[in-house]
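> Top line first, the protein sequences correspond to chains A and B. Numbering follows this note's numbering, in which position 157 of the first sequence is assigned residue number 157; successive positions increment by one, without gaps. Numbering follows this note's numbering, in which position 172 of the second sequence is assigned residue number 172; successive positions increment by one, without gaps.
Simulated from the structure, these hints should not be mistaken for lab results. Just so it is clear, the structure is predicted and the values come from calculations on it, not from any experiment. The C-beta atom is built at its ideal place from N, Cα and C for all residues, glycine as well. Mixed in with the good hints there might be a few duds.
Partner residues aside, some chain B positions facing chain A, computed with beta carbon under 7 angstroms [claimed, not checked]:
#1 F49
#2 G145
#3 L179
#4 E273
#5 V274
#6 T279
#7 V424
#8 T427
#9 S505
#10 P575
#11 T592
Number of protein chains: 2
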Amino acid sequence: MLLDTAGMKSLDPKEHPDWEIAQDAESRMKTIYRLGDEMGLEERELLPFGHYMGKIDYRAVLRRLAGKPNGKYVDVTAITPTPLGEGKSTTTIGLVQGLGRRGKRASAAIRQPSGGPTMGVKGSAAGGGRSQCIPLTPFSLGFTGDINAIMNAHNLAMVALTARMQHERNYSDDKLDQLSGLRRLNVDPTRVEMGWVIDYCAQALRNIIIGIDGVNGANDGFMMRSKFDIAVSSELMAILSVAKDLKDLRERMGKVIICYDKFGKPLTTRDFEVDGAMTAWLVDAVNPNLIQTLEGQPVIVHAGPFANIAIGQSSIIADQVGLKLSEYHVTESGFGADIGYEKFWNLKCHYSGLTPDAAVVVTTVRALKCHGGAPVPTPGKKLPQAYAEENVEWVEKGCANLLHHVHIVKQSGVSPVVCINAFVTDTRAEIAKVRELCEAAGARVAVSRHWELGGEGALELADAVMDACNDETVFTPLYDWSMPMRRRIETVATKVYGAEGVDYSFEAKARLEAIEKDTELSRLGLCMVKTHLSLSDDPARKGVPTGWRLKVRDVLTFGGAGFIVPVAGSISLMPGTGSNPSFRRIDVDTETGRVKGLF
Amino acid sequence: MLLDTAGMKSLDPKEHPDWEIAQDAESRMKTIYRLGDEMGLEERELLPFGHYMGKIDYRAVLRRLAGKPNGKYVDVTAITPTPLGEGKSTTTIGLVQGLGRRGKRASAAIRQPSGGPTMGVKGSAAGGGRSQCIPLTPFSLGFTGDINAIMNAHNLAMVALTARMQHERNYSDDKLDQLSGLRRLNVDPTRVEMGWVIDYCAQALRNIIIGIDGVNGANDGFMMRSKFDIAVSSELMAILSVAKDLKDLRERMGKVIICYDKFGKPLTTRDFEVDGAMTAWLVDAVNPNLIQTLEGQPVIVHAGPFANIAIGQSSIIADQVGLKLSEYHVTESGFGADIGYEKFWNLKCHYSGLTPDAAVVVTTVRALKCHGGAPVPTPGKKLPQAYAEENVEWVEKGCANLLHHVHIVKQSGVSPVVCINAFVTDTRAEIAKVRELCEAAGARVAVSRHWELGGEGALELADAVMDACNDETVFTPLYDWSMPMRRRIETVATKVYGAEGVDYSFEAKARLEAIEKDTELSRLGLCMVKTHLSLSDDPARKGVPTGWRLKVRDVLTFGGAGFIVPVAGSISLMPGTGSNPSFRRIDVDTETGRVKGLF
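Extracted from the complex, chain A is given alone in its bound form (with noise of 0.2 angstroms):
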């Protein structure tokens, strides 16, 4: 595969800033036709929005090429992270240009940001440095519109709910069902689950009140308690994270449960008969989008739900497409293994029935020393001078936690192949000492400089990743989906955690026993949550936490994407805004159209 952008080497990143990289490369950046082309996509497959962004349609292409044997699916997850984040991103970018200089057809799976921290906080979640997904402000704002559609989709559920408890506060059943052959459903109003959601931090929404009647009185709404969650943080935009084809998600929007009626009976979008309007806004989001790396190769992004409520994975149809259409296919996993790793385990290979061929544990130097004593730095500040320094003891403890993490994968039966991305301050000794331990632990390692050198940069990672894929893997599942729930809970609690046990409040333990007694209930899946700045359930604790236990105070029910989600810790579903948002600097270049200080 020829690499246009990569004929001219791109901008060094000690010197520019991610976004003024992009931009350079962006101006030397493939078609959507040739990248289409390149990839392997007939013309009709491939819908294009604008010349360099595009939807795959995925059926067209599965249906083609089903006889087709899949290529090898690599997951890339993390250690423990600090709250910076250890470049899961940039490493997946990383790794699939450096299998491109090895002259493979690679391609990526990422998730698509939410709007709300691209306007609050700096950042992009397009990778960074060398390693990074183009053209960087389309996708970072609004992109083909899927969360859009998420949120339109989700916020009609709310519509049909509140238009409903109106109509049956002011009819009665017999007018009810003249006017519009509807029964009373008899929602609790105490007991509405389901909030609206807006792709924004706006914590001024996290607590409302609605219908209050104005001057049409009575046709003013329900008065009632109510909330906004971010958009990706809805329900659905797990569904469309899990969902096979578009018949699988037809079938999950209509189990989301809204509310519970006053018998304590839960009322799903069928009852309010709203699920098919809603799979109509979501015919268009089914289908994956496609941008390129910096050097050229197909980029798929696809779902971007939470990983602290929901699944933190891309989507099963992006990888199902990737894996199609590519060699080696690299898909991401949100937070650390204990988290995102065993819910592509758990859940997402379940759903899919496809199974990863190598691991990446993406580590970096900075999070050694924080897990082993370092001050934990915060975002936007400065990171604290004890960094800058060498500190192999601080390494050296750290990696108890690192190791914790290779475990976990190592328990699934797939290899896992370390990888420290590169920092210019790490120091010979620290990288080896890091290299000595995982090696010793039986995983592969690699040095990984793609943020500074992109593909070229990525060379030892691709190589221990394509042996690591000609392994004998034998992918076990951590447990059985038949096993009650609160023994999967335990299970994972102990076995990937390093909890001695569980622990629950008084009404998660009653919400888990009726789980377990009820057929339909006790058969969905398991979506623990739980913070991922430490192993255990609270994340001031670093490295390594022992002899705690697992409180899960609350459970969830997701009846739509499948799982029952026990909360550890606290949750929040819509983030603030600070005093210093990053929408202050952000503008447009009105001669070019190009945004300005987005990153």
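Mind docking chain B on chain A? Use the hints.
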């Protein structure tokens, strides 16, 4: 121009609903590449969105064709409509198809419909019968994302406002300055004029309380009353409609008034430092959208501002592009000539500098009967029997309203063409009477069967329009923008609506006096708000009401769109969802991906 969809006759509208006709024609429609090529777009100027929709890089087109003279400019307006509408969009598409049959290069410009009504009440805004634009489903459901972009840009202003109010409450002046370099804006929470927007009919969000503190206490917003309006009523949609280019849009984006401070001074998007980022959301939306008529001609779809609160016109950019690329460009104005054409004449053409060559006044025999005394029809209910029977007397009486609109057009110096949008129930005698009266008033008259027959049915209309375009036109504004605002209002009320004068509420008078004294505000345009169901401000009065005075109750200031909005009558910016909404019947065929039941 060869028409591939016309090559095979489309389905008979007497036997098939609109969506069946559209779906059948879609199987033969041109690709967007071919459509763009035929209309003279260069490859780089067409930004495809899938294979059948696109956006036009207006800047590239207007630069390339700067020296080329414009085509003929035709506006489509109407009689005072019944609540069912009299087919302006259908006639706009039909006329373009008729001009095509006469071998002319013609294009249409129409507004993008809102998603709210699509999910709430039956009906599309894509024309009807054999005069529609296709593809119909994406046009009605999100399209290329412009409304979502407007929604995101608008709501970002609300995020900025609400976060700022919280931080100003929580921090001292010193702390605000030190943390983020902010000076206190002192928002008056009782004078927040802007609300949030959502593209639905969600009556439960009309009156809400936001910012209730929860687990995060003082970081959960600032508690105050707020509201959601429907997205298309956003001032930003009006800005998209009147902006001449991205630079103009950028400037207008900073002048939107969000609220007032505690001293009564307006605070704008610029004061909240959010205008640049709001514009960033709109860099794609500023490019007009392209689809096709059933007979394969370009339909430019751009902006969809509410006609009741805002300007009710498709965009100036769409018309600029259409006029450069076509021999005849047909645009449409919302509601009757008293509202839509008046705003086209005195606002849109003032901003654009463009002048029309002819105006079509659409009528139906149904509307004439309604103005002549027949019972007013109700949407969604069966048309009263009276409309199925010949009644020349009602028609003759109703012509007074039609001739009033003809006279409005004549005041502008433009030749009116009355188009009788024919129904199969119209009789010869009824049509002869309309022709007789209109011709006596100096208007051309054409009976058009475009609904039934497509372009072949619109030849008489096309000929009359081409003929009218050869008339000498001295396009004359109704009033000078230097006139005091109240004199302008009175001129519109008496000369256009036929009122005897204007009465102001105490509040409206005070606001207008303040506006007249303000150097900047007094230079803004005038955008009247009045019911479209009567020439008067009382929707029940049909025909040509006399002996009435216009009551102006309120005055709004749209600083970004650039007009003062006197409000005569009640306006709702958030429609409601009834007990039998159309979303109940919408679903997706998961085999084909087709949306069913949308119309």
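> Determine for every hint whether it applies to the structure shown.
Going through the hints against the structure:
no., hint, verdict
1, F49, "holds, 6 angstroms"
2, G145, "holds, 4 angstroms"
3, L179, "holds, 5 angstroms"
4, E273, "holds, 4 angstroms"
5, V274, "holds, 6 angstroms"
6, T279, "holds, 5 angstroms"
7, V424, "violated, 31 angstroms"
8, T427, "violated, 36 angstroms"
9, S505, "violated, 16 angstroms"
10, P575, "violated, 11 angstroms"
11, T592, "violated, 9 angstroms"
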